[in-house]
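> Using the sequences plus the hints, can you model the full thing?
Given next are the chains, with one letter for each unit.
Number of protein chains: 2
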Amino acid sequence: MAEIKVDEKEVLACCGSTHFAKQMAMASPFPSLDHAISIAKDIWFNKVDVIGWLEAFAAHPQIGDSPSSHTTSAQWSKGEQSTALATATDAGLQELSDWNARYRQKFGHVFLICAAGRSAAEILGELKSRYSNRPIVELEIASQEQMKITELRLRKLFSPKTKADSASSQ
Amino acid sequence: MAEIKVDEKEVLACCGSTHFAKQMAMASPFPSLDHAISIAKDIWFNKVDVIGWLEAFAAHPQIGDSPSSHTTSAQWSKGEQSTALATATDAGLQELSDWNARYRQKFGHVFLICAAGRSAAEILGELKSRYSNRPIVELEIASQEQMKITELRLRKLFSPKTKADSASSQ
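Sequence lines, in order, name chains A and B. Residue numbers for the first sequence, in the working numbering: 159 to 328. Residue numbers for the second sequence, in the working numbering: 159 to 328.
It cannot be assumed that every hint is accurate.
Intra- or inter-copy, both count: the list cannot distinguish identical chains.
[Stated by the list, open to error] The calculated BS3-like cross-link candidates involving lysine-lysine, where the alpha carbons are at most 25 Å apart (straight line), are:
| no. | residue 1 | residue 2 |
| --- | --- | --- |
| 1 | Lys-306 | Lys-286 |
| 2 | Lys-264 | Lys-180 |
| 3 | Lys-264 | Lys-199 |
| 4 | Lys-286 | Lys-236 |
| 5 | Lys-286 | Lys-205 |
| 6 | Lys-167 | Lys-306 |
| 7 | Lys-167 | Lys-264 |
| 8 | Lys-306 | Lys-264 |
| 9 | Lys-314 | Lys-167 |
| 10 | Lys-236 | Lys-314 |
| 11 | Lys-286 | Lys-264 |
FYI, nobody ran anything at the bench for these hints, they're computed from the structure.
Next up, the structure:
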């Protein structure tokens with residue numbers, strides 16, 4: 159049976175928590191991509207502590223900023239924000255930047271949202287609405303958004319292997 | 159009307175979050191102790207971010223350790239743990255120390271409990287039971303325990319002023 163294998167560095171491009179990456183690498187190989195994602199959710203929600211969550215959040219650029227770095231994570235982030243960046247006006251980007259600063263001031267971490275397919279206006283609306291949350295409520299929402307991003311990226315990372323895997327199991 | 163006044167340093171002995179202490183000092187003076195505590199709860203639960211919570215947790219000695227420092231906070235901590243320390247055997251203290259290490263390994267912060275009036279066995283039971291929680295659930299419980307400790311300490315801090323206040327308002 160074909161297997162899904164990951165190393166720490168690959169996982170870190172999907173989620174910037176070192177504890178998460180180490181645990182995923184230790185749990186590798188996985189019999190399928192769905193199994194890998196199910197293990198990822200268990201590690202992320204049950205085993206990574208809140209300091210690890212904050213570490214993962216800190217690995218993201220501020221939403222609306224186009225990362226200049228050429229790392230896998232930065233390039234993926236650019237891709238995930240492509241709808242937002244394509245739909246944003248200069249004034250919209252400025253407002254997003256102002257609200258990001260307010261958000262970071264209140265919560266102590268970057269505003270995190272799975273941006274894929276979302277317009278700049280939608281993202282700004284979410285930011286304004288989530289701004290009124292208590293910090294711990296917002297921490298939990300951000301952790302769920304991070305897991306959505308992680309899942310998207312794990313699927314991207316393994317899509318060739320997944321194809322090989324499903325072909326060999328037919 | 160007599161007022162309850164606090165400065166940052168006094169508040170820091172009650173709760174080690176600098177943001178909390180600053181906000182309380184800015185909100186001071188308070189018309190009554192109950193009002194001060196109600197404001198404290200609002201600041202702690204709604205305005206201090208999770209990094210501030212972790213900062214406050216880090217200001218506590220590990221439960222079962224008798225702090226050697228002579229700061230107000232260390233002396234209060236000693237007093238709050240007096241029932242636990244009086245009821246603990248050497249083996250009990252060792253078990254508490256071992257479980258504390260396991261807890262800190264999983265959650266990344268000290269095990270926090272309002273120890274006042276609780277025996278060592280009760281505290282160990284709580285620690286074992288809470289150990290199975292998800293990190294974010296445990297963060298919220300620890301924040302509630304911190305607020306109980308903060309309230310106890312604010313009441314201790316202001317008890318003479320409170321008496322003066324109620325005397326003058328009669």
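> All the hints need checking, so say for each whether the structure fits it.
Hint-by-hint comparison with the structure:
| no. | hint | in the structure |
| --- | --- | --- |
| 1 | Lys-306 x Lys-286 | within (20 Å within a copy, 32 Å between copies) |
| 2 | Lys-264 x Lys-180 | between (31 Å within a copy, 15 Å between copies) |
| 3 | Lys-264 x Lys-199 | between (27 Å within a copy, 17 Å between copies) |
| 4 | Lys-286 x Lys-236 | within (22 Å within a copy, 44 Å between copies) |
| 5 | Lys-286 x Lys-205 | between (30 Å within a copy, 16 Å between copies) |
| 6 | Lys-167 x Lys-306 | within (19 Å within a copy, 43 Å between copies) |
| 7 | Lys-167 x Lys-264 | between (32 Å within a copy, 23 Å between copies) |
| 8 | Lys-306 x Lys-264 | both (23 Å within a copy, 24 Å between copies) |
| 9 | Lys-314 x Lys-167 | within (15 Å within a copy, 52 Å between copies) |
| 10 | Lys-236 x Lys-314 | within (14 Å within a copy, 54 Å between copies) |
| 11 | Lys-286 x Lys-264 | within (12 Å within a copy, 33 Å between copies) |
This entry satisfies every hint, going by the numbered hints stated previously.
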